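Participant: Whole structure, please, built from the sequences with the hints as guidance.
Protein chains in written order, with the numbering used here: chain X, 4 to 380; chain D, 4 to 380.
Everything labelled a hint here was simulated from the structure, so no lab data went into it.
Values in this document were obtained by computation on a predicted structure and should not be read as measured data.
Some clues are possibly wrong.
Derived SDA-like pairs (lysine to any residue); straight-line CA-CA distance at most 20 angstroms [said to hold, decoys possible]: (1) X:49 <-> D:287; (2) X:49 <-> D:334; (3) D:49 <-> D:289; (4) D:49 <-> X:286; (5) X:49 <-> D:49; (6) D:49 <-> D:94; (7) D:49 <-> X:300; (8) D:250 <-> D:94; (9) X:49 <-> D:286; (10) D:49 <-> X:322; (11) X:49 <-> D:55; (12) D:49 <-> X:334; (13) X:250 <-> X:26; (14) D:49 <-> X:318.
Number of protein chains: 2
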Amino acid sequence: MSAATFGFSVHALDPGSQARAGVFRTPHGEVQTPAFMPVGTRATVKGLLPEQLRALGTSMLLCNAYHLQLRPGAALVRELGGLHRFMGWDGPILTDSGGFQVFSLAQLSAIDDRGATFHSHIDGQTVRVEPESSIECQALLGADVAMAFDQCPALPADRTQVEQATERTHRWLERCVLRHRELGCESRGQALFGIVQGGAFEDLRARSVEAVTRHDLVGYAVGGVSVGESREDVLRAVRAAAPRLPKDRPRYLMGVGTPRDFFDAIEQGIDLFDCVTPTRHGRTHQAFTSTGVLNLRQARFERDSGPLDASCDCPCCAQFSRAYLRHLARAGEMLAAILLTQHNVRFFHALMERVRAAIGRGQLAQLRQTVLAPAAD
Amino acid sequence: MSAATFGFSVHALDPGSQARAGVFRTPHGEVQTPAFMPVGTRATVKGLLPEQLRALGTSMLLCNAYHLQLRPGAALVRELGGLHRFMGWDGPILTDSGGFQVFSLAQLSAIDDRGATFHSHIDGQTVRVEPESSIECQALLGADVAMAFDQCPALPADRTQVEQATERTHRWLERCVLRHRELGCESRGQALFGIVQGGAFEDLRARSVEAVTRHDLVGYAVGGVSVGESREDVLRAVRAAAPRLPKDRPRYLMGVGTPRDFFDAIEQGIDLFDCVTPTRHGRTHQAFTSTGVLNLRQARFERDSGPLDASCDCPCCAQFSRAYLRHLARAGEMLAAILLTQHNVRFFHALMERVRAAIGRGQLAQLRQTVLAPAAD
Chain X
4 MSAATFGFSV
14 HALDPGSQAR
24 AGVFRTPHGE
34 VQTPAFMPVG
44 TRATVKGLLP
54 EQLRALGTSM
64 LLCNAYHLQL
74 RPGAALVREL
84 GGLHRFMGWD
94 GPILTDSGGF
104 QVFSLAQLSA
114 IDDRGATFHS
124 HIDGQTVRVE
134 PESSIECQAL
144 LGADVAMAFD
154 QCPALPADRT
164 QVEQATERTH
174 RWLERCVLRH
184 RELGCESRGQ
194 ALFGIVQGGA
204 FEDLRARSVE
214 AVTRHDLVGY
224 AVGGVSVGES
234 REDVLRAVRA
244 AAPRLPKDRP
254 RYLMGVGTPR
264 DFFDAIEQGI
274 DLFDCVTPTR
284 HGRTHQAFTS
294 TGVLNLRQAR
304 FERDSGPLDA
314 SCDCPCCAQF
324 SRAYLRHLAR
334 AGEMLAAILL
344 TQHNVRFFHA
354 LMERVRAAIG
364 RGQLAQLRQT
374 VLAPAAD
Chain D
4 MSAATFGFSV
14 HALDPGSQAR
24 AGVFRTPHGE
34 VQTPAFMPVG
44 TRATVKGLLP
54 EQLRALGTSM
64 LLCNAYHLQL
74 RPGAALVREL
84 GGLHRFMGWD
94 GPILTDSGGF
104 QVFSLAQLSA
114 IDDRGATFHS
124 HIDGQTVRVE
134 PESSIECQAL
144 LGADVAMAFD
154 QCPALPADRT
164 QVEQATERTH
174 RWLERCVLRH
184 RELGCESRGQ
194 ALFGIVQGGA
204 FEDLRARSVE
214 AVTRHDLVGY
224 AVGGVSVGES
234 REDVLRAVRA
244 AAPRLPKDRP
254 RYLMGVGTPR
264 DFFDAIEQGI
274 DLFDCVTPTR
284 HGRTHQAFTS
294 TGVLNLRQAR
304 FERDSGPLDA
314 SCDCPCCAQF
324 SRAYLRHLAR
334 AGEMLAAILL
344 TQHNVRFFHA
354 LMERVRAAIG
364 RGQLAQLRQT
374 VLAPAAD
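Facilitator: As structure tokens, then:
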């Protein structure tokens, strides 16, 4: 690890899997791992205040360089003191490079070895992103962790397409590392994570790990697993990549997912997660609970005076009934989305707290059974 | 005052006007007056949690019997422990009877001396409301204060129409008082306020005060002033009604308004207000500030690193820049509405705090000048 401000240490190993519990140190504080990062795409976790996130147990957030570059612009965020100050979050932040968004949200018009040209999803304007410009944008935003700019092939993709995208990702990583070094980002408190690609092909994943870990980086990510694959494909990719990554660096599985996905990945040695599930589900009135996912619009909750989840310690479960939540959801009240988002975020963090404790006690397998047995998900 | 659980005492009189500062005691706590009640139409102040309202200085809320009767239903709210428990607010609540909503929101199909028949604004269903059923509905909801069911003539209305509606309101009040007594509401902790009508006609307002105050009620309201009148008409109505109401009872001006309206009415002896302005303005990204109303979507705030209002102590002003608020507003992020609503509600409460202090010092006129001079509103 090349800068004193960053560090990762493992303090417990699960005897029955590759799972580990550790601490990822960043300039803005420590992250106990395994950890879940709520997604604050446009410099806000939809509907929640920073103080509420803290109270729910959030330690690190993800924001999207792609969205922030388009609006309000990275230079403006820099001018206003950087992303932490702009959004009022003084804990660690990771910015996604935009690779995933360019290939999923935007209307891609051209891609070559130099970079990608696309049309903004906001106003159709032509935008060019290259590895160097992505690193420059993220340097302006000033998150604790910047992600390399990768090519994330959209599905369906055959082996040749995945192989080409993976090799391009490796060439782009060279340029990201170089630009990151030229800008002196790490000494100014920003680490770079490389991204392993390779689709659901085990040998491509293994080769990608080899290529990406040739660079001595603060952390490594497994990418390209939230673009529509089956759960089996994701697991195959994670199995092929995660255990091969350096044991003394944090491993981040991008864009995943649900409680079952977490257990699958943690058992392969993954430390960090992000996903829109808790926030997006909250806005569509779906709640993750200890008895599975509930849709709060359902008529069966009309007269239900009980809490959303009796085993949850979030503000929503402490104060409100399912009947009230159903009323708010049916009426289209903002508070329904706010309360259900709070609950879902807390549910994910509380799950990770239990996972870390279980790894410490060597009882991850038992926890998996307890958590996943009653869930429909 | 007929029940020990309710009380009103005046502890300061402004030497230059009819303004007074006092305390309105209810079964769920005290309200320092003059006071502003945020509107929680459907058992939620849009976007805010009860604990946030408390922190902003809210002491009493208004909810709408009309909306709650249609959805989720007053009997259901009762079954779930009543409105306070349902919405997690343990402070005082007042429910509007539905008179105003029936004549403004709903598609009115018939009105006679027995009551009104209308079509629900939600699903078009035919609904019948009479004075007795309105009181029964409010008794089920269980707020601290129920409002009489009145006829609120929509504008334009000529003198004959206003006179007829006012006299019907008086006849309906008799029936409201009777039903309220039959149900034993006051001994169960619910007061009834009568409503003075009379449009912008001074003599009709004076006659209405006489008719309404024939009933010994815990408080009295001035209604029919937020249906599209000019500021001058509202002021004329308030001038004709408020000073004639009993000095030892709280006086409530319904559905008003803006800082200037508050000063106008407080000077006539009004103690309580409610209005959707702070919450609705918040959702449309308009902020009440010490320098007037600001539209946060405007380009001039793009690079503005200053707080929304430097003289405000709300969480929004303490933590975020105008540039961030503008970014959130343009991006359509929920947090823009949440933060601007918090700010606006705090602005209204802080204004009332200053008003109460100024009345105590005998300096209301000076405060009026200080507050209204820089404002465009």
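Participant: What are the numbers of the hints that this structure violates, sorted from low to high?
Facilitator: The structure breaks only hint 8.
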